[in-house]
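There are 2 protein chains.
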Amino acid sequence: KEVFKPMRQREVKVVKSVMVEAYTISPETAIEEAARIMMDKGINHIPVVEEGRLVGIITSWDIAKAVARNRKGAVKSIMTRNVIYTHPDEPVEVAARKMEQNNISALPVVDSRKRVLGIVTSEDLSKLIAR
Amino acid sequence: KEVFKPMRQREVKVVKSVMVEAYTISPETAIEEAARIMMDKGINHIPVVEEGRLVGIITSWDIAKAVARNRKGAVKSIMTRNVIYTHPDEPVEVAARKMEQNNISALPVVDSRKRVLGIVTSEDLSKLIAR
Ligand SMILES: C[S@@+](CC[C@H](N)C(=O)[O-])C[C@H]1O[C@@H](n2cnc3c(N)ncnc32)[C@H](O)[C@@H]1O
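Protein sequences, first through last, are from chains A and B.
This note's numbering puts the first residue of the first sequence at 1, with every later residue one more than the last.
This note's numbering puts the first residue of the second sequence at 1, with every later residue one more than the last.
Check the hints yourself; a few may be wrong.
No copy is singled out in the list; a pair is fine if it fits within one copy or between any two copies.
Stated by the list, open to error - Derived DMTMM-like pairs: lysine to aspartate or glutamate, alpha-carbon spacing no greater than 20 angstroms straight-line:
#1 Lys72 / Glu32
#2 Lys13 / Glu100
#3 Lys65 / Glu51
#4 Lys13 / Asp111
#5 Lys13 / Asp89
#6 Lys72 / Glu93
#7 Lys114 / Asp40
#8 Lys65 / Glu90
#9 Lys76 / Glu90
#10 Lys127 / Glu93
#11 Lys127 / Glu90
#12 Lys41 / Glu93
#13 Lys76 / Glu33
#14 Lys41 / Glu100
If you're looking for bench data, these hints aren't it; they were derived computationally from the structure.
Every value quoted in this text rests on a predicted model; they were computed, and no experiment measured them.
Construct the complete structure from the given sequences, taking the supplied hints into account.
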C-alpha cells in the first residue's frame, strides 16, 4: 500500500506530541472553585468552555490579580476572552513563538470547531531542551 | 595573550544568557502585596529573601492555593521553603531538567552565598525553541 508522506515529516515536532490533558470549566464556575482545581491538579491554566467551545482562559496569575483587586465571583468576570490557541499539527516552534510574542505561558489546543483537545504549556516545551 | 578555553565552550548555553531580573520580597510581606507585585510586574514567581539570602519562593499557584484554602496573612505562611535553584553558569539543559524533575516552572538564580541574581522560568527556556 502506498501512503503519501510530506517531506521532512519526521523532523518537525508538532504540538500533539507534547500537549497534555486539559481540565476545563464553565464561565459560571466560582473563582474559588477554579483555584481549587488548580491546586488539586497541580496546574496553572484552565481553558473556559461554553457549549463545548473555547470561550476563555483563566490562570493562577488571574487569581493572584483577583486577590490583589479583592475581586470575587464567577470565572467569567476575570477570565481572558481573547484566547491565543494552537492546533495539534502546529510545529512546536510556532507554538513557542506565539507564547513569546504574547507573553503567555500556555496555549489551549483546539480542533477546527474550537473544541478543546488539550493544552501545551511553556513547562511542556522547556522539557524538550532538558538533558 | 593566551587564554585557557575549555572545549566546546561556545556550544554550551548557560543560565545567565536567559535569566531575567527577579523582584524579591521578605517573608513578612502580606499575601495580597505579593499578588499585587505579580500583577504589576506581569510575573508568576517571587523569590523570598531574608538578610539578603534566598529563604523561599512564592508563585501565583501558591496564591491560588491560598484562595482555595481561604488562607490569609504573610507570605511566610504559604511560601515554599525548600527552594530548587540554579547558578549563572549552569547549562540551560540542566536547569530545564531540574524544572522537569521537580515539576516546577522557575528557578531563582543565586550566587555561592545564596544571594538572588535573577530568575529563569520555563517561559524563558521555551523562547529558545521559538522560531
Ligand atoms: C500576560 S500573562 C503574564 C504572566 C505570565 N507571562 C504568564 O503567562 O502567566 C497573564 C495573562 O495572560 C492570560 N493568558 C494566558 N494564556 C493565554 C492564552 N493562551 N491566550 C490569551 N491569554 C492568555 C491570562 O489569562 C492572564 O490574564
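Hint-by-hint comparison with the structure:
1. In this homomeric assembly, Lys72 and Glu32 come within 20 angstroms of each other (Cα to Cα) both inside a single copy, at 8 angstroms, and across copies, at 14 angstroms.
2. Proximity of Lys13 to Glu100 under the C-alpha cut-off of 20 angstroms is found in both arrangements, the shortest distances being 18 angstroms within a copy and 19 angstroms between copies.
3. With identical chains, the CA atoms of Lys65 and Glu51 are never at most 20 angstroms apart, being 27 angstroms at best within one copy and 28 angstroms at best between copies.
4. Proximity of Lys13 and Asp111 under a CA criterion of 20 angstroms is satisfied intra-copy only: 18 angstroms inside one chain copy versus 36 angstroms between copies.
5. For a Cα distance limit of 20 angstroms, the shortest separation of Lys13 from Asp89 inside one copy, 9 angstroms, qualifies, whereas the shortest one across copies, 29 angstroms, does not.
6. When the C-alpha separation of Lys72 and Glu93 is checked against a cutoff of 20 angstroms, the pair qualifies neither within a copy, at 37 angstroms, nor between copies, at 41 angstroms.
7. Taking the closest pair of Cα atoms, Lys114 and Asp40 never come within 20 angstroms of each other, the shortest separation being 26 angstroms inside a single copy and 31 angstroms across copies.
8. Taking CA atoms no more than 20 angstroms apart as the test, Lys65 paired with Glu90 passes in neither setting, with 31 angstroms inside one copy and 33 angstroms between copies.
9. Taking the shortest alpha-carbon separations for Lys76 and Glu90, neither the intra-copy value of 28 angstroms nor the inter-copy value of 42 angstroms comes in at or below 20 angstroms.
10. In this homomeric assembly, Lys127 and Glu93 come within 20 angstroms of each other (Cα to Cα) both inside a single copy, at 13 angstroms, and across copies, at 9 angstroms.
11. In this homomeric assembly, Lys127 and Glu90 come within 20 angstroms of each other (Cα to Cα) both inside a single copy, at 18 angstroms, and across copies, at 16 angstroms.
12. In this homomeric assembly, Lys41 and Glu93 never come within 20 angstroms of each other (Cα to Cα): the closest approach is 27 angstroms inside a single copy and 26 angstroms across copies.
13. Taking CA atoms no more than 20 angstroms apart as the test, Lys76 paired with Glu33 passes inside one copy only; the shortest distance there is 13 angstroms, against 24 angstroms between copies.
14. For the homomeric pair Lys41 and Glu100, the shortest alpha-carbon distance between copies (16 angstroms) is at most 20 angstroms, but the shortest distance inside one copy (25 angstroms) is not.
Of the hints listed earlier, those the structure fails to meet are numbers 3, 6, 7, 8, 9 and 12, in rising order.
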